[in-house]
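There are 2 protein chains.
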Amino acid sequence: MLFTKALILGIGLIGSSLARNLKEKNIVQTLAVYDKNKENLDKSKKLALADIYTDNIKEGVEDADIIIFATPVCSFGELAKEVAKYVKAGTIISDVGSVKQYSLQEIEKYLNKEKKVIVVGGHPVAGTEKSGPENGFSSLFKGRWCILTPDENSTPEAIAKLTEMWEECGMKVDTMDMAHHDKVMAAVSHLPQLIAYSIVGTVADLEGYEHKEIIKYSAGGFRDFTRIAGSDPTMWRDIFLTNKQTVLELIQRFIEDLIALERNIRWDEGDKMFDLFKRTQKIRKDVIEAKQDQPEHEKRIMEEMQK
Amino acid sequence: MLFTKALILGIGLIGSSLARNLKEKNIVQTLAVYDKNKENLDKSKKLALADIYTDNIKEGVEDADIIIFATPVCSFGELAKEVAKYVKAGTIISDVGSVKQYSLQEIEKYLNKEKKVIVVGGHPVAGTEKSGPENGFSSLFKGRWCILTPDENSTPEAIAKLTEMWEECGMKVDTMDMAHHDKVMAAVSHLPQLIAYSIVGTVADLEGYEHKEIIKYSAGGFRDFTRIAGSDPTMWRDIFLTNKQTVLELIQRFIEDLIALERNIRWDEGDKMFDLFKRTQKIRKDVIEAKQDQPEHEKRIMEEMQK
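Protein sequences appear in the order of chains A and B.
If you're matching positions, the first sequence starts at 1 in this note's numbering and goes up one per residue.
If you're matching positions, the second sequence starts at 1001 in this note's numbering and goes up one per residue.
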């Protein structure tokens, strides 16, 4: 057993998928899950995801040797304040947040003023557009990357334990500077997500179209964006607000490039468009070669999602 | 048998998927495929997709009672000119193009000055990001919509035959005014595709990032956009150039909405973002309820793509 008592704060898609792994693979002796949402706790209980289900921070935190924040990022500060009251010295504190500078700053500020606990940021880069404990599944993490972002207060032992935990979940583990993490994620995740939300809004709002028609023919491409834009609103709002500067900069870049493309269309510059489309096709090939989009894996995820 | 001799012009993803259906379901007696690309013809021959494989328009057109344009839209005019030389009176002319006003205008102008043939525009709204005859498969059309855009020269008989043909392929068939078709497709297909190309270009061009890193963590969301942006460059260039005005208008709408969202982030207007994200989540539900995104169907497509 890697841990005696683990506490997962927030039992949503990621929290519940982690819970499944911790139990199935005997990574912890006792697993506690905390959620302020009664419905999520009830669902988790029905699914037998843990040993302790609570909306009482004290009950969850007491005697835990690892605590993982898995709530939307903006709630980290408030939760950390509460956790600080009951946490024992030496406990490993980690998280699954998609923005690392903000979330770790909040944790350190409210929970670790006296350097009593050991903080190691974590971000398992995996997910589906669904949310809630009923939509998690244990193979969600398989073959994906988990990024740890240790700082000067992280210990090698804690990093090793977290590495082992995520590897047991099927992940490949990498470490990264947290500022760099936030920059990379803004590009590969936050900007694409924002664009998906934005375009679904635009298309839905067009006048002179019937909503029914848009939905009916959504297989033309729109559908794929609705899938992405079906993701958890609270989680994403928090990500955009807490990785603000980088996201804002990337939006500007994107708009510049889109306007250049708009100009290509207006002036019939087919060659320039063709060159870009050839480049993006090559990037697609790189993604496939890096095994980051495998039909085999997607199929498995879809099977899980159908259950 | 619905037709005696069918000719498919262009044996790419859609052309070859249609060919598979026409043969497997005994919809035609003789199937000819024309392509100016020798490689595509050779691949089709190997796959036994047709009875006649030719890069000679005359050979393909002679005695055909149905001809289907399945090349990129900008080639329609030139091809129509050639087809006109050999086509017999009464032949049904249709196509699979994603832009209907431009393509039918080209066909009518070059091929049907004397109203000798019967033109009925068609658009099977189906596809994957792959191209070429080796990537087609017969169940591609199953459960999807095919839009026919008849005009004053289309006959009820021709419309009925095309309807039957696409229904045999597994499609649901709808008719629509061609201007309205181009407007709806700009929203549900052309704009989303353009945005995907654009964002993949933006992210790939960012300085201060390693290309490898972007690819490695692409499962964060970027990956889904690369899938869309891996689509055929020629086909899409032609679509943007020939549905220009509508696409340009929608780009402007999209940029406006994106800038509004950018402003929400800058001024910490989390509530406004949350409202939009809730709305897009609802639209996602509508798409699923309309059965336009079914894991079962996607799974089948992925299985076909793996073969």
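It cannot be assumed that every hint is accurate.
[To be verified] Straight-line C-alpha distance at most 20 Å; calculated SDA-like pairs for lysine to any residue:
#  : chain 1 : residue 1 : chain 2 : residue 2
1  : B       : K1291     : B       : T1128
2  : A       : K212      : B       : A1179
3  : B       : K1036     : B       : E1024
4  : B       : K1278     : A       : D286
5  : B       : K1130     : B       : R1223
6  : B       : K1282     : B       : D1268
7  : B       : K1212     : A       : E213
8  : B       : K1282     : A       : E213
9  : A       : K46       : A       : D63
10 : A       : K285      : B       : I1228
11 : A       : K272      : B       : D1232
12 : A       : K285      : B       : N1135
13 : B       : K1142     : B       : T1128
14 : A       : K278      : B       : K1282
15 : B       : K1142     : A       : D232
16 : A       : K142      : A       : A290
17 : B       : K1036     : B       : A1084
18 : B       : K1278     : A       : E129
19 : A       : K130      : B       : A1290
20 : B       : K1088     : B       : E1108
21 : A       : K244      : B       : I1259
22 : B       : K1272     : A       : C74
23 : A       : K36       : A       : T4
24 : B       : K1025     : B       : N1056
25 : A       : K130      : B       : D1286
26 : A       : K272      : B       : K1291
27 : A       : K23       : A       : K142
28 : A       : K46       : A       : K142
29 : B       : K1244     : A       : Y209
30 : A       : K142      : A       : D174
31 : A       : K291      : B       : K1130
32 : A       : K282      : B       : T1128
In case anyone wonders, no lab produced these hints; they're calculated from the structure.
A quick look at each hint next to the structure:
1. Our distance criterion of 20 Å between C-alpha atoms is met by K1291(B) and T1128(B), whose separation comes to about 18 Å.
2. For the proposed pair K212(A) and A1179(B), the alpha carbon gap of about 18 Å is at most 20 Å, so the pair holds.
3. This hinted pair does not check out: K1036(B) and E1024(B) have alpha carbons roughly 25 Å apart, beyond 20 Å.
4. About 34 Å separates the Cα atoms of K1278(B) and D286(A), which puts this hinted pair outside 20 Å; it is violated.
5. Distance check on the hinted pair: K1130(B) and R1223(B) sit about 15 Å apart at the alpha-carbon level, within 20 Å; holds.
6. For the proposed pair K1282(B) and D1268(B), the alpha carbon gap of about 23 Å is over 20 Å, so the pair is violated.
7. A C-alpha spacing of about 40 Å is found between K1212(B) and E213(A), which places the hinted pair above 20 Å, so the restraint is violated.
8. Distance hint between K1282(B) and E213(A) is fulfilled; the C-alpha atoms sit about 16 Å from each other, no more than 20 Å.
9. Pair hint K46(A) plus D63(A) does not hold up; C-alpha atoms about 25 Å apart against a cutoff of 20 Å.
10. Between K285(A) and I1228(B), the direct Cα distance comes to roughly 12 Å. Compliance with the 20 Å bound is thereby established for this hinted pair.
11. Distance hint between K272(A) and D1232(B) is fulfilled; the C-alpha atoms sit about 15 Å from each other, no more than 20 Å.
12. About 15 Å separates the Cα atoms of K285(A) and N1135(B), which keeps this hinted pair within 20 Å; it holds.
13. Distance restraint check for K1142(B) and T1128(B): the Cα-Cα separation of roughly 13 Å lies within the 20 Å cut-off, and the hinted pair is therefore satisfied.
14. Proposed proximity of K278(A) and K1282(B) is contradicted: the alpha carbons are some 35 Å apart, above 20 Å.
15. Between K1142(B) and D232(A) the alpha-carbon distance is near 31 Å, which puts this suggested pair outside the 20 Å criterion.
16. Annotation: proposed proximity of K142(A) to A290(A) holds, straight-line Cα distance about 15 Å (limit 20 Å).
17. Among the hinted pairs, K1036(B) with A1084(B) is consistent with the structure: their alpha-carbon atoms are about 17 Å apart, no more than 20 Å.
18. Among the hinted pairs, K1278(B) with E129(A) is consistent with the structure: their alpha-carbon atoms are about 13 Å apart, no more than 20 Å.
19. This hinted pair checks out: K130(A) and A1290(B) have alpha carbons roughly 18 Å apart, not beyond 20 Å.
20. Simply put, K1088(B) and E1108(B) have alpha-carbon atoms about 15 Å apart, close enough for the 20 Å limit, and the pair holds.
21. With a C-alpha separation of about 14 Å, the suggested pair K244(A) and I1259(B) falls inside the 20 Å cut-off, and the hint holds.
22. Proximity of K1272(B) to C74(A) is assessed by CA-CA distance (about 16 Å); at most 20 Å being required, the pair is judged to hold.
23. Straight-line distance between C-alpha atoms of K36(A) and T4(A) comes to about 23 Å, which puts the hinted pair past the 20 Å bound.
24. Taken as a hint, the K1025(B) and N1056(B) pair is broken in the structure, with Cα atoms around 26 Å apart against an allowance of 20 Å.
25. A distance of roughly 15 Å separates the Cα atoms of K130(A) and D1286(B); the hinted pair therefore holds under the 20 Å criterion.
26. A C-alpha spacing of about 37 Å is found between K272(A) and K1291(B), which places the hinted pair above 20 Å, so the restraint is violated.
27. For the given pair, K23(A) sits about 16 Å from K142(A) by alpha-carbon distance, which is consistent with the 20 Å threshold.
28. Distance hint between K46(A) and K142(A) is unfulfilled; the C-alpha atoms sit about 25 Å from each other, more than 20 Å.
29. A C-alpha spacing of about 18 Å is found between K1244(B) and Y209(A), which places the hinted pair at or below 20 Å, so the restraint holds.
30. At most 20 Å may separate the alpha-carbon atoms for a hinted pair to count; K142(A) and D174(A) meet this at roughly 14 Å.
31. Restraint check for K291(A) and K1130(B): satisfied, since their Cα atoms lie roughly 17 Å apart, inside the 20 Å limit.
32. Between the alpha carbons of K282(A) and T1128(B) the distance comes to roughly 16 Å, so the proposed pair stays at or under 20 Å and holds.
Of the hints listed earlier, those the structure fails to meet are numbers 3, 4, 6, 7, 9, 14, 15, 23, 24, 26 and 28, in rising order.
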